[in-house]
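S.K.: Protein chains in written order, with the numbering used here: chain A, 1 to 330; chain B, 1 to 330.
Treat the hints with care, since some could be wrong.
[As the list claims (entries may be wrong)] With a cut-off of at most 20 Å between alpha-carbon atoms, the simulated PhoX-like pairs for lysine-lysine come out as follows:
hint	chain 1	residue 1	chain 2	residue 2
1	B	K264	A	K264
2	B	K327	B	K264
3	B	K273	A	K264
4	B	K143	A	K327
[Claimed, not checked] Listing some non-contacts, in silico: residues in chain A with all C-beta distances to chain B over 12 Å:
hint	residue
5	V31
6	P115
7	R129
8	N132
9	D158
10	S198
11	D224
12	P258
13	P265
14	L271
15	Y279
16	L290
17	Y294
18	S311
19	N312
20	N322
Just so you know, these hints were derived from the structure itself, not from any lab. For every residue, glycine included, the Cβ atom is placed at its ideal position computed from N, Cα and C.
The lines below spell out each chain.
Number of protein chains: 2
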Amino acid sequence: RWFHLCKLPGRVMGIRLLRFTSVVIIVLLLVAGALTALLPTIKDDKLPNSRREPKTQTQPALDSFTLIMQTYNRTDLLLKLLNHYQAIPHLHKVIVVWNNIGEKTPEEMWNSLGPHPVPVVFKVQTVNRMRNRLQNFPDLETKAVLMMDDDTLVSAHDLAFAFSVWQQFPEHIVGFVPRKHISTPSGVYSYGSFELQSPGFGNGDQYSMVLIGAAFFHSGYLEDFQQQPEAVHALIDETQNCDDIAMNFLVAKHTGKPSGVFVKPVDIRNLEKDTNSGYSGMWHRAEHLLQRSYCVNKLVNIYDGMPLKYSNIMISQFGFPNYANHKNKM
Amino acid sequence: RWFHLCKLPGRVMGIRLLRFTSVVIIVLLLVAGALTALLPTIKDDKLPNSRREPKTQTQPALDSFTLIMQTYNRTDLLLKLLNHYQAIPHLHKVIVVWNNIGEKTPEEMWNSLGPHPVPVVFKVQTVNRMRNRLQNFPDLETKAVLMMDDDTLVSAHDLAFAFSVWQQFPEHIVGFVPRKHISTPSGVYSYGSFELQSPGFGNGDQYSMVLIGAAFFHSGYLEDFQQQPEAVHALIDETQNCDDIAMNFLVAKHTGKPSGVFVKPVDIRNLEKDTNSGYSGMWHRAEHLLQRSYCVNKLVNIYDGMPLKYSNIMISQFGFPNYANHKNKM
Chain A
1 RWFHLCKLPG
11 RVMGIRLLRF
21 TSVVIIVLLL
31 VAGALTALLP
41 TIKDDKLPNS
51 RREPKTQTQP
61 ALDSFTLIMQ
71 TYNRTDLLLK
81 LLNHYQAIPH
91 LHKVIVVWNN
101 IGEKTPEEMW
111 NSLGPHPVPV
121 VFKVQTVNRM
131 RNRLQNFPDL
141 ETKAVLMMDD
151 DTLVSAHDLA
161 FAFSVWQQFP
171 EHIVGFVPRK
181 HISTPSGVYS
191 YGSFELQSPG
201 FGNGDQYSMV
211 LIGAAFFHSG
221 YLEDFQQQPE
231 AVHALIDETQ
241 NCDDIAMNFL
251 VAKHTGKPSG
261 VFVKPVDIRN
271 LEKDTNSGYS
281 GMWHRAEHLL
291 QRSYCVNKLV
301 NIYDGMPLKY
311 SNIMISQFGF
321 PNYANHKNKM
Chain B
1 RWFHLCKLPG
11 RVMGIRLLRF
21 TSVVIIVLLL
31 VAGALTALLP
41 TIKDDKLPNS
51 RREPKTQTQP
61 ALDSFTLIMQ
71 TYNRTDLLLK
81 LLNHYQAIPH
91 LHKVIVVWNN
101 IGEKTPEEMW
111 NSLGPHPVPV
121 VFKVQTVNRM
131 RNRLQNFPDL
141 ETKAVLMMDD
151 DTLVSAHDLA
161 FAFSVWQQFP
171 EHIVGFVPRK
181 HISTPSGVYS
191 YGSFELQSPG
201 FGNGDQYSMV
211 LIGAAFFHSG
221 YLEDFQQQPE
231 AVHALIDETQ
241 NCDDIAMNFL
251 VAKHTGKPSG
261 VFVKPVDIRN
271 LEKDTNSGYS
281 GMWHRAEHLL
291 QRSYCVNKLV
301 NIYDGMPLKY
311 SNIMISQFGF
321 PNYANHKNKM
């Protein structure tokens, strides 16, 4: 072995080879040691603040969506809803817009109850504004946003289906709550739901808005919203209302078509009554609906026209929940 | 007067003026007579074979549709249905494809019972073929075709709504009867309706075809159909069936999307039982459904692939018939 090598011509060469070989071996050991040091450490799941990377984390595109949920004074509902929404298929990430100014977020508690299916980011706000949820958050990686009010529960089945519908209508607000405006002979607009007179285009009713508190829309519209005239932002701040009406105006102007596509929900619930906070939503204020009519007319002034368009398309899921839900007498 | 004129210098000039004036008067009278002769004559409405031009006859574009109804051995149903369909809003013209070879059409009776809201054209066929209705009729002036089986009654409300839906999805077959294919481990396809196993893409069922016996589609697809491989025409002739499956293959290939959009009908009826002819439709033949599975597989061979795509979108009319048909518990 070594002696065999030493017999090679030139004792000098033999010693050089020996040194060379030793150096190579030492270098290899150092490299191996370095590689070992670079391996990711296996964290103990019970450590606070640990977050294990979900195995299925892929580059999000049109195949997943980001849930944006703004919350004020209903942390108990928020946490209940987060447990539900974190497991919706195709969800990429949750962004919680924390409007409880000066109050600590439940992030620590959230992390201590991990692991979670998706990352949840708590965005602490400095002012309690309705339009905080319409910021163009840098955390957003998906084309699609699902926006939910912090007291609204929609079943996973409904959300999975509505997301697939959004993918076929990506420039629209695809959601579960339709509303409309009507015009009156005086030229003044009024806002309402189905109890309000139909606009009178043939049979049945029409809707001209889909509320963003339970809807999918393209994340690009958040940037658009930031670009809107200052008067629009001021109106929303003045009323602490109407951000959804403004978004419908924006989308209708952008597409020249009805802003929304209404998907009829099978299971949608308002959990307001279940909160311990005693806080009931803004829509209970006496002036809520009058404000919304006011907003419609203000926005028409700001945009110098009425861009909202009517639709009477109502989408349901074929064969679900009842596999024969499309059956007819024929 | 004349004497006054005669006093003008030159007696010759006065006579010339007189002649000139006379000639002008005579010419004017002749012109007036000619104009009177060119006026349109007012026709008596009770004359046989007279057709008064409907006042609202405008250049048809995307705003109206042509009804194509093929008929065989059910003239009583045909006439009952024509009375209903002739009054559907936005109907431009009716084309009756007369498959009763050698039998006189009811055109004389039809005309004697005029006036009618729209023109009806009876296209006499030389051979009783299922695919006769898919000819590119020169009488077609509209972009949209409504194709109806001669035993199917769909309410005007449903048709008006479905037409408005077609206008939003003009490259699709928009209709009332969804069907699907499923693939099996052996690679052989099978045809069926909702009682057949769902294709297994998430919740609920899917459809991959909308039958053309009660549907709107773009008239351009008739020309496309004529251009299809001879094997397709031969298949339809061999089975006297499957023309609608072939059309769905055609549309799916053309769009790369699901061929159909299903509109859930409120009021659709099969009048088959009501016929005096004793003739019951082709779909009562024992081999009808087996033939359709056979057709699916043959078409896959002919087109070297399966172009049909699944959809689970079911469209209904918002607020009709029940103005609160979208209301939820929330």
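S.K.: State for each hint whether it applies.
M.R.: Hint by hint, here is what the structure shows:
no.: 1; hint: K264/B to K264/A; verdict: holds (14 Å)
no.: 2; hint: K327/B to K264/B; verdict: holds (18 Å)
no.: 3; hint: K273/B to K264/A; verdict: violated (36 Å)
no.: 4; hint: K143/B to K327/A; verdict: violated (30 Å)
no.: 5; hint: V31; verdict: holds (49 Å)
no.: 6; hint: P115; verdict: holds (25 Å)
no.: 7; hint: R129; verdict: holds (25 Å)
no.: 8; hint: N132; verdict: holds (24 Å)
no.: 9; hint: D158; verdict: violated (10 Å)
no.: 10; hint: S198; verdict: violated (7 Å)
no.: 11; hint: D224; verdict: holds (24 Å)
no.: 12; hint: P258; verdict: violated (10 Å)
no.: 13; hint: P265; verdict: violated (6 Å)
no.: 14; hint: L271; verdict: violated (10 Å)
no.: 15; hint: Y279; verdict: holds (18 Å)
no.: 16; hint: L290; verdict: holds (21 Å)
no.: 17; hint: Y294; verdict: holds (24 Å)
no.: 18; hint: S311; verdict: violated (7 Å)
no.: 19; hint: N312; verdict: violated (4 Å)
no.: 20; hint: N322; verdict: violated (9 Å)
Of the numbered hints listed earlier, those contradicted by the structure are 3, 4, 9, 10, 12, 13, 14, 18, 19 and 20.
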